[in-house]
Amino acid sequence: MAYACSFCGKTAIIGRQGSHRKGVAGGKWKKRAPRTARVFLPNLHMATINGTQVKLCSKCIRLAKGRQSKTSRKASKVSQAAASS
Numbered sequence: 024m025a026y027a028c029s030f031c032g033k034t035a036i037i038g039r040q041g042s043h044r045k046g047v048a049g050g051k052w053k054k055r056a057p058r059t060a061r062v063f064l065p066n067l068h069m070a071t072i073n074g075t076q077v078k079l080c081s082k083c084i085r086l087a088k089g090r091q092s093k094t095s096r097k098a099s100k101v102s103q104a105a106a107s108s
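For the sequence shown, the positions run 24 to 108 when this note's numbering is used.
It is worth saying that the hints were derived from the structure and are not from the lab.
Computed from a predicted structure; not experimentally measured.
Where hints are given, some of them may not hold.
Mimicking DSSO-like on lysine-lysine, the simulated pairs with C-alpha atoms at most 30 Å apart in a straight line are [stated by the list, open to error]:
#: 1; residue 1: K78; residue 2: K33
#: 2; residue 1: K88; residue 2: K33
#: 3; residue 1: K93; residue 2: K33
#: 4; residue 1: K82; residue 2: K93
#: 5; residue 1: K33; residue 2: K82
#: 6; residue 1: K78; residue 2: K88
#: 7; residue 1: K78; residue 2: K93
All chains should be built: construct the whole structure from the sequences, respecting the hints.
Structure (structure tokens):
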């Protein structure tokens, strides 16, 4: 399986990184650090959904938890209303 989120499809992207150095005697740009390419990886975790293990990014895990708690609250309200009537 690829290093990607199973829900949103977020994958690794390539970007550029450069370290900042203060100016030195003899010119600000004399010791300038080169910009290097690097890979930015998504924050993936293994999660179990409906009995199957999938890779999800942390944003999708937060969204799933929010949806789960909303549906469980609605279900509990409906069951309480049915029990009281």
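When the structure is checked against the list of hints, which entries are broken? Sort them ascending. none
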